[in-house]
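Okay, here's what each chain looks like letter by letter:
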Amino acid sequence: MTNPAVAVLQSALRARKLDRTLTDALPTLERADPSSLAPMDVASIDACLHGGLPRGQLSELSGPCSSGRTTLLLQFMAAATRRGEIAAYVDTFDRLDVASAAAAGVDLDRLLWIRGQSVIGDHKPRSHGGAEENNQESPCLRVSVVRDRALDRALKALNLVLQAGGFGIVAIDLADAPPRELRQIPFTTWPRVQRAIEGRDTACVLLTEEPLARSAGGLTLSLAGRSTWAGDSIRSRRLLGADVSVRVVSPRKRIDGNVVITTRCSH
Amino acid sequence: MFGALHGPEGTPPGVLADVAREFSPRIEIDTPRDVLLDLSGLTRLFGDARTIAEHMRRTAADRGVRVRVAIAGTRTAARLLVRHRAGLTVVEPGTEAATLAALPIALLTAIHPDAVNSQLPPLDHARGGLSDSRRPTPNSQDGRPPRRHRGTEKNVRDPIEQLSTLRRWGLRTLGDLAALPSDEVASRLGHDGTEWQRLARGEDPRPLVPAVPEERFEQSLELEWPIEEIEPLSFVLGRLMEPLSAHLEQRDRGAAVLHVRLDLVKTAGVARDVFERSLQLPFPIRDARTLRTLALLDLESHPPPAAIDRVTVAVDPTPARIVQWSLLSRALPSPEHISTLMARLQALMGETRCGSPVVVDSWQPGVFAMKPFAPSDTSLSHDGRQPQRHREHRGKNISVPSVPLWLTAVPSSPMPVVALRRFRHPVPVRVQAEHGRPSSLMSMRRGLSGGRVESCAGPWRTSGGWWEPEPWDRDEWDVALTGGVTYRLLRERNTNRWLLEGVFD
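Sequence lines, in order, name chains U and L. Be aware that the first sequence starts at 140, since it is given in the working numbering, and climbs by one per residue. Be aware that the second sequence starts at 11, since it is given in the working numbering, and climbs by one per residue.
Think of the hints as simulated: they come from the structure by calculation, not from any bench. Hints are not guaranteed to be accurate.
[What the hints assert, rightly or not] Taking beta-carbon pairs under 8 Å as the criterion, some of the chain U residues facing chain L (in silico):
#, residue
1, 181
2, 183
3, 186
4, 189
5, 234
6, 296
7, 299
8, 300
9, 389
[Unchecked claim] Covered stretches of chain L, going by a simulated chain U footprint (3 or more residues, C-beta under 8 Å):
#, segment
10, 16–29
11, 89–102
12, 181–189
13, 363–369
14, 488–498
[What the hints assert, rightly or not] Computed spacing ranges between beta-carbons, pair by pair:
#, chain 1, residue 1, chain 2, residue 2, range
15, L, 286, U, 287, 47 to 53 Å
16, U, 399, L, 335, 32 to 38 Å
17, L, 477, U, 370, 49 to 55 Å
18, L, 253, U, 154, 39 to 45 Å
19, U, 143, L, 292, 42 to 48 Å
20, L, 311, U, 283, 39 to 45 Å
21, U, 174, L, 502, 26 to 32 Å
22, U, 372, L, 474, 25 to 31 Å
23, L, 474, U, 399, 58 to 64 Å
24, L, 329, U, 147, 24 to 30 Å
Virtual Cβ for every residue (Gly too), placed ideally from N, Cα, C.
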């Protein structure tokens, strides 16, 4: 039998929304309510996710290059805009291909695209170029500073969008940020993001190479992809699409599973 | 009691209206040279009718206009008299018909609505008509809609023809026409005949329609001490926006354009002493906090070059939005929220870096356009595709910013489409080719892996824009490396350079 004093205390904490700071008092995620989920409109993934990504939570799409992260994100945003919701995409390093978004079915009128500065990986240092590495004005350092600034602005933009509210999907693209710079992001950033969307209809999605936020209420989709080709001869060969393996990771093991989906090229 | 002012030819527009407004708020602008005003109740302020007339004449003379003034019990009598007599004319109430009796009948063409609106030449002065200098001008110059024509061009000619008929009957003065039996006139000339007769008797055909002065939505504040920072300006703007917002709400208007004018303290290095900014708002807004925030964010991005000693805020008004909410719909953010968010994002990221993407009708790879983010207040139809929730109603924009919640079962796409992560500036790479096809790839950039090409498809040749400064002419390849990364690779044909355009992800 539950101690009444503990029950009263937990109730008071829940009323002040402080219960989520206590790991043992975390309320069960009510995934039975369809309105609390944002489906991707990909039947196999939605089935694996028991309906979709949770709203009011921070979820992640993580995986290496060509693993299908952007494809799934655009699919997610297309599904949201088809439902009439509005979506925001914080494009940290300006990587969105508008034609791909349109081909995925995203209603571009309902997409807020926040473009960061286009920075592509700095030059690899030469093995015998010690002087250049130490030079304060080296291109590597300049690129690093610009990238830091772009990252900082993207996080501020994400915060502004989340504070404004009203968006069905808010995604931030950190897929091209080097791990060293991602580690410099204060660890309080992601709990604050989680706190900003708590209880709202917004599903926040993080696009990364490695799982980063590991939110307690959100889901992490670890992706791995392999391109598929058509044509037997060299001349007839063409890129067909990709087979994307999705592994759903839930911090509390409430939802787990693997699914493989096939994507196709638009041309 | 009504007064009429008649100015000479060449009277600047608006002068007579300004003179009239100094005496009465109820004025009617007949033409730029003819203004009528309701003088009821003014005798307590200025004295008798003659004193009022002298005041008006003196006020007009102070503005450099020598006017005729007539005061009578009806507007029609005042208009007829001011057309006929120079100087001051005052008619005691009840004696209008007797005073008008001696006036020539051709004067009616100067005040009859249909005759005024017709473009026909008036009767000549020698035959008792008006000269060209007295020809009435169309009524549309005062900003009001022109009066209604009652028929075709033939009908428009009728008043002149009817007046000619009256003259053929031997009628020369207004008194002659007023003395005729009304039923006989009506039986011969119809309704128009009785209208002519009522005018001849000095009776008003309709009540006075006051002209509404053009409202200015503007607030200004002179500062005791100059402001040098943007932050203190927030309080000043807040103080100015509150009454402005209340004024807009009172008139059911919203701001389409927000103008901020800052008078600057003169400094040695600054030639301009006025700093002006105009914000084009995507939606009619009248919320004081939103307007203040937008103005502040804009000034933070474009700070004034010197200290400020006077702040003026003005808006261009537009009909306000009518928003209808529904319990069965998902609410979208209000335009005020979106405008504020966009202003904040543009201040953070840059003005051109936030908005909605637009696909451009071009074969050039990677080309796109941006437009302001303004999700239409539309919804989806029941097939989940066609938005249709926007309509105009009585000149007002009515929107339903909502999405029905029952539209959850939308058709899902059968298979996701592979997306390209595009490098906005293609990245140079070293490529080894065998038999014209890339066999290995090496990048000098961190984060872009190289390696042996496992599979490749291409080339697909595209070219275009030869008439522009930067044409494109290239071969495209899709290449998969042994590490699993798939790139879009291109070779510029004119420079033979290999570049990475993006990565399939």
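Can you give the numbers of the hints that this structure goes against, from lowest to highest?
Hints 2, 3, 4, 9, 10, 11, 12, 15, 16, 17, 19, 20, 21, 23 and 24 contradicted; others consistent.
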